[in-house]
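J.: Could you put together the complete structure from these sequences and hints?
There are 2 protein chains.
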Amino acid sequence: MSADQMKLGAFLMAGGHHIAAWRHPDAHANAGADISHFIQLAQMAERAKFDMVFIEDAAAIRERNPEIASQAARSTSFEPLSLLAALAVNTSHIGLVATASTTYNEPYGLARTFAALDQLSGGRAGWNLVTSASDLEAENFVSSGLRPHGQRYERAEEFAQAATTVWDSVDEGAYVLDAEQGVYADPAKLHPVDHRGTHFTVTGVLDSQRSPQGRPLMVQAGASDVGKDLAARTADVVFSAAQTMGEAQAFYADVKARLAKFGRQADDLKIMPGVSPIVGETESEARAKYDALQELIPDQVGVALLASYLSLKDLSNHPLDGPLPDMPQTDGIQSRQQLIIDLGRRENLSIRQLARHFAGARGHWQLIGTPVQIADALEERFRGKAADGFNVMPPLFPSGLDDFARFVVPELQRRGLFRQEYEGRTLRENLGVRTPARSS
Amino acid sequence: MSADQMKLGAFLMAGGHHIAAWRHPDAHANAGADISHFIQLAQMAERAKFDMVFIEDAAAIRERNPEIASQAARSTSFEPLSLLAALAVNTSHIGLVATASTTYNEPYGLARTFAALDQLSGGRAGWNLVTSASDLEAENFVSSGLRPHGQRYERAEEFAQAATTVWDSVDEGAYVLDAEQGVYADPAKLHPVDHRGTHFTVTGVLDSQRSPQGRPLMVQAGASDVGKDLAARTADVVFSAAQTMGEAQAFYADVKARLAKFGRQADDLKIMPGVSPIVGETESEARAKYDALQELIPDQVGVALLASYLSLKDLSNHPLDGPLPDMPQTDGIQSRQQLIIDLGRRENLSIRQLARHFAGARGHWQLIGTPVQIADALEERFRGKAADGFNVMPPLFPSGLDDFARFVVPELQRRGLFRQEYEGRTLRENLGVRTPARSS
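For the record, the sequence lines run as chains A and B.
Mapping of the first sequence onto the UniProt record's numbering: position 1 corresponds to residue 1, and the numbering continues sequentially without gaps.
Mapping of the second sequence onto the UniProt record's numbering: position 42 corresponds to residue 42, and the numbering continues sequentially without gaps.
If you are wondering where the hints come from, they were derived from the structure by calculation, not from laboratory data.
One should not assume that every hint holds.
[As the list claims (entries may be wrong)] Chain B side only, calculated, beta carbon under 10 Å to chain A, not exhaustive:
#1 Ser101
#2 Tyr104
#3 Pro107
#4 Pro148
#5 Gly150
#6 Glu154
#7 Leu259
#8 Val301
#9 Met327
Backbone N, C-alpha and C fix where the C-beta goes; we use that ideal spot for every residue, glycine too.
T.: Rendered as structure tokens:
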């Protein structure tokens, strides 16, 4: 059914992915405090048969500098697991993926929350596993600051292992519910966890029925070597960032090749790069939409955003029209840092140009054009083994998602590249990824 | 408006509060995995103008013994914060209170989740703060087992302090949202937390707008000396358990008297004991309803439940028709343990009798009678300064809640003891409890 069809996610974000979206006349400036707005977006994506909505997270405000914070809508939204539950009971088929940290949670607590989200959505929950690279986040939780990249991933690996064991502690049909005979549960179908690791001890049983998907979908975005290995071992979907066809193909081949060493098939993991589409009836209309957004960015906001993507405290002491300075590797998100450095070198971009570029698409692939042009570009990457699908990041909500749903999705459907109807009821069924077998 | 009216909570629980509820022909045996059932109950309580629904929690299954677990519906429900979010978007006026642990969470993470729940419910969220007394829970999180009572409360106090500071880190109106001028936030209205305590370090700002209630409602149920002090310092509502009028009056006077030393008024905190009502058109019809439920309890399930309430591993080696053995104080819920011991001595009850008694009402005050009889009893305690309201714990859902809503609530309204319409939109407005001033 779907091996020759692409998968689509709708990456929701208050305002839009463009840093100045909130200032646009079509934006809902107060989106981050209005649940009905998010419900509207999820239902819009569901009508267009998107596989899932995707919600990012960091348990912190995103901007330390008060002057920047005063100009940029980067600080307020809903805690994503609460948001997911609210969306679950207002949708029926679309998958619901939210981000949660292995650094600031415990496996039993997070596993039971995702089990609950899977239960209350009827099998549509997914967990985007992150290790939390922001020092602003670290300051809300620990006194010792941001932990090094390697340490975070070591903990993440043990976390994922413990969480999946919790999900697998209850078999399907463990709760018999025979009122007449007084048989509530079949103890033979409950398998107490016996996880005694470096970071966590878990020795209980999941406190709910087995979730409809068995295991909620696992999503990851890490692009470091250790991140790609973790994904190849535990993820069902990888959300990635790639500017060029070559980068995307290389990443795709790399991650797929890692699956075999963990006993997995190429189809067991879907790779879905981000794409920021700006759709117009004509190319010049699309370009005008883009320019209207770009004009709303104050330079200092763009530069501060770029600095935070590079895990730098500040870039404002460097000439705006000069190149990026040399910089050491950080403990932040190494893949995003490298992507920015590469783009700056490849296209010889100044700090100001890079800042404006990233303010629009947050480091992701940007497409500005007609529905046919955008479908062409997506089809090329899909057929070129650069992507199994895409995580769509509209610069502006709701209009950017509405444009994609109304104009690009039908074009993809016309080409047979995207579904007309949902294939199943669970997220795994629609994505075509199996529930991994219980580890014995 | 409401000083002479009682407050009512509906304590929801899969199946019902009676241990054998799931076996009753009117029960929804699969309630713990059916979100529509919980939505139906919350909407039923809202139609009856209840102040709030209340959801308990322990991050663990509740029964270690597989034989008991196979007969008792004590193991499965929704993680309560996800459940709360799902209820929030399906109701409009009723308060939504969920339990969360200070032992197995971190203050920033929990504070932002309750801020989100308050935001997405339009100011109707409440947090029932617990320190988690179950060793089954401890085994899901830590290798060192259940922490001693005093240590848990010391952490809880610091946790509550840090969480309220997080809520207060954002003033009302901090997010200006002036798109034209490009002014998103007013940094003068953001107050970074500077909490560096024994257990937690938090130095950030809440990542959302100030929540509609300023601070979500704080609920507590601790009845130890240190628990009552924590409540007097930080709680807006105390959920308590009392069998007799005398016990209830003594508890009420004790907690209210503690408020002054924390600079608070008697009205700043509402005391709402639990009550388990079984309503019939006649007293004998009510009694028959009770008996039908009691007949569904296997003795060993009742005795195991009693043992767990006493924080004992086992009681089955004592004669069923003899008295409770002497027992040492435990690190579990000391107040519940004492209540059981007192009741056993006062009424000279055997283990079997105590077991059957607690299997029905979980240690709470039980009322079996006509709507007039039940209203009489509630009125007596309300007027007798034993309660500001009640947390209603129907033995069986949905019928037990429906009975109370259809027959007892109108009787209370007829007497002027309960509202006809919600007074406000937020939980605090309806309960008549102020948002505490920001500590400087």
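J.: None of the hints should be skipped; say for each whether it holds.
T.: Here is what the structure says about each hint:
no.: 1; hint: Ser101; in the structure: holds (9 Å)
no.: 2; hint: Tyr104; in the structure: holds (6 Å)
no.: 3; hint: Pro107; in the structure: holds (9 Å)
no.: 4; hint: Pro148; in the structure: violated (18 Å)
no.: 5; hint: Gly150; in the structure: violated (23 Å)
no.: 6; hint: Glu154; in the structure: violated (18 Å)
no.: 7; hint: Leu259; in the structure: violated (31 Å)
no.: 8; hint: Val301; in the structure: holds (9 Å)
no.: 9; hint: Met327; in the structure: violated (25 Å)
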